[in-house]
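> Here is how the chains run, residue by residue.
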Amino acid sequence: MEREVIFRIRRFDGEKTYWQDFRFTARKGMTVLEGLYFIKENLDGSLAFRASCRMGVCGSCAVKINGRPRLACETQIFDIGSTLEIEPLDNMPVLKDLIVDMDGFFRKHEAVKPYLIRRDDDYENPKELLQTPEELHAYYDFSLCIKCGACYSACPASATRSDYLGPAAITAAYRFCADSRDEGREDRLNLVSGSDGVWRCHFNAECSEVCPKSIEPAKAVQRMRLMSAIHMIKSIFR
Amino acid sequence: MKGVSGWFTLKGKSLNSLAYSFHRLTGIVLLLYLIAHLSFLTSLRIGEETYTAFISTTVRLETLPLDSLLFLATFYHAFNGLRVVLNEFGLLYEARKALIYLMTLLGLLFWLYSTYVMYLFLTGW
Numbered sequence: 001m002e003r004e005v006i007f008r009i010r011r012f013d014g015e016k017t018y019w020q021d022f023r024f025t026a027r028k029g030m031t032v033l034e035g036l037y038f039i040k041e042n043l044d045g046s047l048a049f050r051a052s053c054r055m056g057v058c059g060s061c062a063v064k065i066n067g068r069p070r071l072a073c074e075t076q077i078f079d080i081g082s083t084l085e086i087e088p089l090d091n092m093p094v095l096k097d098l099i100v101d102m103d104g105f106f107r108k109h110e111a112v113k114p115y116l117i118r119r120d121d122d123y124e125n126p127k128e129l130l131q132t133p134e135e136l137h138a139y140y141d142f143s144l145c146i147k148c149g150a151c152y153s154a155c156p157a158s159a160t161r162s163d164y165l166g167p168a169a170i171t172a173a174y175r176f177c178a179d180s181r182d183e184g185r186e187d188r189l190n191l192v193s194g195s196d197g198v199w200r201c202h203f204n205a206e207c208s209e210v211c212p213k214s215i216e217p218a219k220a221v222q223r224m225r226l227m228s229a230i231h232m233i234k235s236i237f238r
Numbered sequence: 001m002k003g004v005s006g007w008f009t010l011k012g013k014s015l016n017s018l019a020y021s022f023h024r025l026t027g028i029v030l031l032l033y034l035i036a037h038l039s040f041l042t043s044l045r046i047g048e049e050t051y052t053a054f055i056s057t058t059v060r061l062e063t064l065p066l067d068s069l070l071f072l073a074t075f076y077h078a079f080n081g082l083r084v085v086l087n088e089f090g091l092l093y094e095a096r097k098a099l100i101y102l103m104t105l106l107g108l109l110f111w112l113y114s115t116y117v118m119y120l121f122l123t124g125w
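If you're matching them up, the sequences are chains R and X in order. Here the first sequence is numbered in the UniProt record's numbering, starting from 1 and rising by one per residue. Here the second sequence is numbered in the UniProt record's numbering, starting from 1 and rising by one per residue.
Take the hints with a grain of salt, since some may be wrong.
Unchecked claim - Just so you have them, the derived chain X footprint on chain R, three or more residues with Cβ under 8 Å:
1. 11-19
2. 62-68
3. 222-230
Hint data in this document are derived by calculation from the structure and do not stem from the laboratory. Here a beta-carbon is modelled for each residue, glycine too, at the ideal position from N, C-alpha and C.
Hey, can you work out the whole structure from these sequences and the hints?
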């Protein structure tokens, strides 16, 4: 099955923003990313977008499609309709066309120490850190984040405060705080307990709605908030 | 950054964002009402005539629909706020959409009842 579709793309050339329409014949099963490649190869070679794995793993191709952040490689054109409005993600500076500067997003992710912290690190004599299935289950879902930035783009708190860590970074913090092998919980709680951390979230929960991996960042933020509240109360009595 | 428009952008968003936008909107309405309310009360310091003049312009039968809308904003904000508090305590997270419907319904019921009582009290219907 084939059908003519219109890709209405919000473009940016470094100076001005404008919309440009591209018409072409799409076939059944064609993804938005394939459509973008078709335009780049056949209609306008200057179109800029980011993509890599083409199978929903790398998170590079996240764009707004009809207002909703999605992975272009996982979205079929016919599932959306005949006219697709494609824009770069919100809350990040646009570099060119659909490419946004994710530097700040990754700096925030880096700030929450998203790695296992152990006090007994000994690379000469490594030891196995065992976990029960329950202990794995406590954080597993949250470890599936691909850092595509869809949640950050949909978050209204990130829209108004550039210093807010955002759902992805807080989810990463929770993923390690909930890990039974980790010993860096105190460090991370100090990092996310400020007004630029968990307390900035006003529970819109749109992050959970748009997450292409369904990892529920809003749930992680609320759990982190509870952890943070207990941490703050305990710190009063220390 | 998208800025404050990010609070009210609904295209492509879910029911959560609609509830969020209304919460912000009703919050602004209540803030404006609070400012007006405090201004009215402060006018008593100027004199009783000033206060009476203020009151006579707003407390009239024709402005009752506005009072009713204020009730709507208040009840929506209160019940939706309760929902947000519950969710932020990690309670009923999975049922967050059902909770939006429930709290909106409660807000509407309280609004209708309060409007009925207000009209009954002021007009004797």
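> What hint numbers does the structure not satisfy?
1
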